[in-house]
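Once you've looked at the hints, dock chain B against the given chain A.
If you read the protein sequences in the order shown, they are chains A and B. Under the UniProt record's numbering, the residues of the first sequence are numbered 1 to 367, in order. Under the UniProt record's numbering, the residues of the second sequence are numbered 1 to 458, in order.
In case anyone wonders, no lab produced these hints; they're calculated from the structure. Glycine residues also receive a C-beta, built at the ideal position from the N, C-alpha and C atoms. Errors might be hidden in some of the hints.
Unchecked claim - Pairs of lysine-lysine, DSSO-like flavour, derived with a Cα cap of 30 Å: (1) Lys237/B with Lys124/A; (2) Lys98/A with Lys237/B; (3) Lys237/B with Lys44/A; (4) Lys65/A with Lys237/B; (5) Lys316/A with Lys339/A; (6) Lys124/A with Lys246/B; (7) Lys71/A with Lys246/B; (8) Lys237/B with Lys71/A; (9) Lys65/A with Lys195/B; (10) Lys261/B with Lys64/A; (11) Lys261/B with Lys71/A; (12) Lys261/B with Lys59/A; (13) Lys98/A with Lys246/B; (14) Lys98/A with Lys261/B.
As the list claims (entries may be wrong) - Stretches of chain B that chain A covers, calculated by requiring three or more beta carbons in the stretch to come under 8 Å of a beta carbon on chain A: (15) 333–342; (16) 354–368.
Each chain is listed here by its residues.
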Amino acid sequence: MKLSLSSVYTPYSFPIILKSYAFSNLCKPFCSSALSSSPPISLKPQVPLFLRPPIYSTKFCDFKKWHDWAKGIASSIGSTFVNSDNGPDSSILCRELKWLMEDAVEDHSLFSKMGFENYDERVKMRVGIEELYDLWKERIEKRRPFQYVVGCEHWRDLVLSVQEGVLIPRPETELIVDFVCDVVSKNEDLKRGVWADLGTGSGALAIGIGGASGIGGRVIATDINPVSVAVAAYNVQRYCLQDKIEVREGSWFEPLKDIEGKLAGLVSNPPYIPSKEISGLQAEVGRHEPRVALDGGIDGMDYLFHLCDGAALFLKPGGYFAFETNGEQQCRALVDYMKNKRSESLCNFEIVADFAGIQRFVIGFHH
Amino acid sequence: MYSFLQRTIQTSKIRQISRFSLFLQKLQTTSSRLSHNILVSNDSYSYGFHQRSIIVSPNQFRYFGSESVSLTLEGIIANNWNILDEDDGDWKSHAAAVAQSIDLIKRRLQWKKLKVRLDLLSAQLSKPDLWDDPVHAGKISREHGSLLGKVKEVNALEQELIEHIDMIKLAREENDEELESESLKALLNMRRNAKEKELEALLSGEHDYCSCYIEVQAGAGGTESMDWASMVMQMYKSWAQRRGYKVIVMEEMPGELAGIKRATIKVDGEFAFGYAKAEIGVHRLVRISPFDSNKRRHTSFAAVAVIPILGDGSTRVQINESDLRIERFRSGGPGGQHANTTDSAVRIIHIPTGITATSQNERSQHMNKASALAVLQSRLDQMEMARQAQLNAQHTQSLTDITWGSQIRSYVLHPYRMVKDLRTNYEVSDPDSVLEGDIDAFILSYLSASLDKGENNG
Chain A
1 MKLSLSSVYT PYSFPIILKS YAFSNLCKPF CSSALSSSPP ISLKPQVPLF
51 LRPPIYSTKF CDFKKWHDWA KGIASSIGST FVNSDNGPDS SILCRELKWL
101 MEDAVEDHSL FSKMGFENYD ERVKMRVGIE ELYDLWKERI EKRRPFQYVV
151 GCEHWRDLVL SVQEGVLIPR PETELIVDFV CDVVSKNEDL KRGVWADLGT
201 GSGALAIGIG GASGIGGRVI ATDINPVSVA VAAYNVQRYC LQDKIEVREG
251 SWFEPLKDIE GKLAGLVSNP PYIPSKEISG LQAEVGRHEP RVALDGGIDG
301 MDYLFHLCDG AALFLKPGGY FAFETNGEQQ CRALVDYMKN KRSESLCNFE
351 IVADFAGIQR FVIGFHH
Chain B
1 MYSFLQRTIQ TSKIRQISRF SLFLQKLQTT SSRLSHNILV SNDSYSYGFH
51 QRSIIVSPNQ FRYFGSESVS LTLEGIIANN WNILDEDDGD WKSHAAAVAQ
101 SIDLIKRRLQ WKKLKVRLDL LSAQLSKPDL WDDPVHAGKI SREHGSLLGK
151 VKEVNALEQE LIEHIDMIKL AREENDEELE SESLKALLNM RRNAKEKELE
201 ALLSGEHDYC SCYIEVQAGA GGTESMDWAS MVMQMYKSWA QRRGYKVIVM
251 EEMPGELAGI KRATIKVDGE FAFGYAKAEI GVHRLVRISP FDSNKRRHTS
301 FAAVAVIPIL GDGSTRVQIN ESDLRIERFR SGGPGGQHAN TTDSAVRIIH
351 IPTGITATSQ NERSQHMNKA SALAVLQSRL DQMEMARQAQ LNAQHTQSLT
401 DITWGSQIRS YVLHPYRMVK DLRTNYEVSD PDSVLEGDID AFILSYLSAS
451 LDKGENNG
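Only chain A is shown next, with the shape it has when bound in the complex (with noise of 0.2 Å):
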């Protein structure tokens, strides 16, 4: 299926297509149905917290004490966290905390006169007092991910929305555009040419590449998900890059076929966690982001073998690939296998750690 959503697509209205799966969650207000821990999926993408309308309007001293509430709970959790799956600690729950209300109110000067006490002013709020409440506890006692409690994560430069059912984008992921964006301002080819993101989830990717390296062609998104198609697509209107960018729904390389052996670069974030790995995960990510992108089968290497087998195809002679992968080990494994299997038609592979000093990504060419 392929949706031309630069001409369809506006925020508010969403393609007539897509309705249909999801008729029966249209009314649902956008939070309360992240709540159930199998979350419906709805395919009207929500309003990240900070673009809601400030219509709600509570006491400071209201206020102040959900604030005083929630630091709290934050502050009571230690290291508890950190010591079951290596989630996050109090000081990461307090700046989490700053972030929220940052996001939910819309005066910020505010913050600067929590210590005070100021009866008599009114805080406008872009959510109710009650459902901060809601918001707070299901952080901490459901584990559910920031992001998806202020539906948005920054990443580079970029505020993308991100809601249940979509992969939060993750920080290692913002070296891809560095790296592109090193490529293209080299090569007037590659950077005239088209780009692929495959598996864009949020489209951090294409939205990173196609807003940031100055490309002059179009960047191709895929996948398989008709959530993140929605909210990749959401977030692209959001930075004005339908004309540049183009969301389409399907399994990696299919929806490509009208450019098979034409694309000047191809990255992708692919799911890459074995699967007996999936259970212990983080409590946030195993508990509440979509398995589909995270789960890479046995060995976790399924999608990046296809990528590698992709790339081989879909890329035209002199272009560039990046991928991302669980570490040190599948880079290896990665190379190991398109020197023996595609060394045809792709070369000059690199790996490239990130800032963490992990071996992250494996990078490289077409004949």
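For chain B alone, coordinates are given in the frame of chain A:
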């Protein structure tokens, strides 16, 4: 000697001229608030030291010249006229007050050095190959423009003062009460404006207008010191907020039990550096430590560094991307899809100098990198400034590293209560309000003390 007739004719002529001249000056003062650079740099409005206004004829000059008072700034000051309250309508008092202000402003501007520097810059500007290096040329011409503006402004003040005095004397001689009261009013206005200008002149350093980073580091002494460091940091946060500056926490290394080992905030706003630089040094606290179960008295130290954030200026050090090592704090584990964390702090190490910068407060790794890079840039710039300052020994106030010996202020909470600045001996007996950010008086007294004693004006 003039005959009576001559004098009457002349006087009425002068009066017309003086009114016009007064009008011009008013115009000048008003518009100079908008853009003194444009107006005073127009030579027909800016008067030299002993030069007469061009609209006064040689005859009148002779008339004034016959007066016994020598009308120069030095002359006025030398008269030692009593300075009375503003309400006292004595023109001599106003004139002496204004003269004193101008004198102070000159000292604060480091007048002699400033003139020498201006000559140097003018010479450089006239070199034909100057614009071969546009960055350097831009810097020279900016600095030249700014210094010239200051010189002209002060000269214009002097000239205005002398003219008002002339007018009053003339009016007295002619018993023209209207003119006298007009001139007196103008003089009083000058006196009030000059007070403001005195303050402005305190912040006339090259980078004073900049925003800045304030860094606080706890001294030896464990939790008590770290608690003190966080109190000091809190003092600056409150101070900055009171002044209407924007405060952003760049990095914070919390202590194990309480307080901070070290923290950096960014203070964003006009003249943040100009004020905050007065805080550079070691701050000492004496109190009964709440962390000591035996309730003993403790002395702790916190070091404060202040770094200007240079705009798009040209003194910036060029940073090579390949000289940087960027690290992310890892919590262990395989990262990537395995981990969901909102913590994307990065540390950047500038390999050639070993200088590092950290940012943890942004919401994405990319932005943390950008803001850590900005901190690193400022640290490198500061190092370069200090190096240059040593080279040409021009900056008297180079921002060298803070050594634990350079104690600037003492905060005593027990056995008595007092905050005392060791540089100026300025002190207050209410430490609470100081720790809540009420430090302007300390800052101003230090700034004026450090500039006013500086040089004899020239």
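Now for the hints, and whether the structure bears them out:
no.	hint	in the structure
1	Lys237/B with Lys124/A	holds (25 Å)
2	Lys98/A with Lys237/B	holds (17 Å)
3	Lys237/B with Lys44/A	violated (43 Å)
4	Lys65/A with Lys237/B	holds (23 Å)
5	Lys316/A with Lys339/A	holds (18 Å)
6	Lys124/A with Lys246/B	holds (21 Å)
7	Lys71/A with Lys246/B	holds (24 Å)
8	Lys237/B with Lys71/A	holds (21 Å)
9	Lys65/A with Lys195/B	violated (47 Å)
10	Lys261/B with Lys64/A	holds (28 Å)
11	Lys261/B with Lys71/A	holds (22 Å)
12	Lys261/B with Lys59/A	violated (36 Å)
13	Lys98/A with Lys246/B	holds (16 Å)
14	Lys98/A with Lys261/B	holds (22 Å)
15	333–342	holds (count 10)
16	354–368	holds (count 7)
In the structure shown, a violation is registered for the earlier hints numbered 3, 9 and 12, in ascending order.
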